[in-house]
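Novice: Residue numbers (our numbering), protein chains in the order written: chain A, 1 to 309; chain B, 1 to 309.
One or more of the hints may lead you astray.
If chains are identical, the list can't say which one is meant, so a pair holds when it fits in one copy or spans any two.
To be verified - Cut-off 25 Å, straight-line C-alpha distance, at most; resulting in silico cross-link-like pairs (BS3-like, lysine-lysine):
{"id": "1", "residue 1": "K210", "residue 2": "K167"}
{"id": "2", "residue 1": "K54", "residue 2": "K167"}
{"id": "3", "residue 1": "K210", "residue 2": "K273"}
{"id": "4", "residue 1": "K273", "residue 2": "K54"}
{"id": "5", "residue 1": "K273", "residue 2": "K157"}
Just so you know, the hints here were simulated from the structure itself, not pulled from any lab data.
There are 2 protein chains.
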Amino acid sequence: MLKAPDNQVAGHQARNGNLGPLIDDSGRFYKPLQGDERGSKEVAFYTSFSSNTKVPDHIARFFPKFHGTQLLEASDGSGMLPHLVLQDLTFGRVNPSIADIKIGAMTWAPQAPEDYIQKCMKKDRETTSLVFGFRLSGMQVFESKESGFWRPEGRRKIQTLSLDCMKLYLKKFVSSNTSKMSLDLKPDCAFASTVYGGSNGILSQLLELKAWFEDQTIYHFYSCSILMMFEKELALTGKNPRPEIRLVDFAHVYEGNGIIDHNFLGGLCSLIKFTSEILTTPEESYGDGLMTGDARTSHTYSENKNGRV
Amino acid sequence: MLKAPDNQVAGHQARNGNLGPLIDDSGRFYKPLQGDERGSKEVAFYTSFSSNTKVPDHIARFFPKFHGTQLLEASDGSGMLPHLVLQDLTFGRVNPSIADIKIGAMTWAPQAPEDYIQKCMKKDRETTSLVFGFRLSGMQVFESKESGFWRPEGRRKIQTLSLDCMKLYLKKFVSSNTSKMSLDLKPDCAFASTVYGGSNGILSQLLELKAWFEDQTIYHFYSCSILMMFEKELALTGKNPRPEIRLVDFAHVYEGNGIIDHNFLGGLCSLIKFTSEILTTPEESYGDGLMTGDARTSHTYSENKNGRV
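Please work from the sequences and hints to get the whole structure.
Specialist: Now the structure itself:
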């Protein structure tokens, strides 16, 4: 029996008669092919990637397993629709905390259609993408059995976080505080060392991915997301919280043609810097916890400093 | 006595009554302040950078030394004009081969004025900047005492090289061939290991710079160039050809505000990949040496491959 996934933090959702992905009880994730070109592009990417022997196993593990496509009754009741059959990345996880982070200052390929480029560029400039090199697309942080998950409100808001707020959210993600007030004021980063840190932690996985991106010239990944996941309840009982990263959303992957994906790589390095700072200076706090400052405001050295001599 | 520099490969030149930089015979380089904001911005950057104790010495050495500003008779005879007083980077070098490479897919800061952004973006898309993450701004390659320097023709052309041609130029840069035909057909990369390679070579210096850019959040360098230099005549006699990189052009440097310069870093990583490929596969040849292919053309996986299932 197919159903809407419990742990989807971004993208179209198969609820209330809408079209969205479905999961089964054997660990498969069924993603409806988007009606325009994007669906066929994503199928083409998975087909290419899953049979590409040049991608080493320790990198391939960061991508969902691909099981072809299948005609299924769409979640919106519109009839039979082709779906990508993928690995359900949260299968077997209990109350996973998840962050979905879209990587790259640019979410568009240079060779994309002009109207699409203009639309994406506008959004990249309005959100944190252009400045941070990435933007948050969705997040759920498990608090407790009583209060469930914390999810930031407002899709627009999480895409336009200030620098301090982005740091705060990445700290909340690995904190044990359950009171909303204390979480906002001073997240304790109790799980930073076991989730972000360590030889199998998220930072270590991001660095493995980075090393591949410094070298690979096969694919350019535009508008692709990194999922970061772990299980807080395991961490609370002193067990390995199973931190993992996965890449998702490949409707805008292009051939690399001998050039590295410097756009993805730059954004990835920026995310790595954010994450490693939390490990090295977790105690930094944020005043009243309100969003202050604007990442999009910055000054050149001439303003308020040196004028023309 | 001030004169126009012999070894300038890009930018405005102080010849034929034009405004441009001057050098003296003691190793100083005088760069006229550009009339608009850019001049004062560059002064402000040098002032900040030269007194910034957070920049480690092994990184500061990649930047020209700064000796303040000075009023000088301008090279175009327009009267007294303020000039930046900088280190003459080619002082003491005999017939240096030089490449000037503008780093970054974007040559504009997100907070720059809109008309400037549009102008730069158009150029970044028309040149190799957006696709390669950098573009060639100028180059001179010493051939021999008889034939002097090889300089690529046409400013526009060197900014829009195909992938094969960019690789060819970066190979010519470190080759001993003197016949134009053989240089175009199959540059021998005779000096690749001593110029690009080795513990003090250009690749090693680029990697040092990269490590700093992965961490530093002080400055964002837009439209800044890396100069690569060495002396072929030293290499020919088995001496150290003194390979060096230097950063120049800081009229568009902005405060980093806690975020890494992922745009510069991405472009730098792309240049590193180009350079390291020449070291590992110098024998790759380019057919008839003509510019073929277009870096700006690339295909998604759906074209000519998989369609909608």
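Novice: Now look at each hint and say whether the structure bears it out.
Specialist: A quick look at each hint next to the structure:
For a Cα distance limit of 25 Å, the shortest separation of K210 from K167 qualifies both inside one copy, at 21 Å, and across copies, at 24 Å. With identical chains, the CA atoms of K54 and K167 are at most 25 Å apart between copies only, with a shortest distance of 23 Å across copies and 36 Å within one. For the identical chains of this complex, K210 and K273 are neighbours both inside a copy (12 Å) and across copies (13 Å), given an alpha-carbon limit of 25 Å. Within a single copy, K273 and K54 get their C-alpha atoms only as close as 28 Å, which misses the 25 Å cut-off; across copies the closest is 17 Å, which meets it.
For the homomeric pair K273 and K157, the shortest alpha-carbon distance inside one copy (22 Å) is at most 25 Å, but the shortest distance between copies (37 Å) is not.
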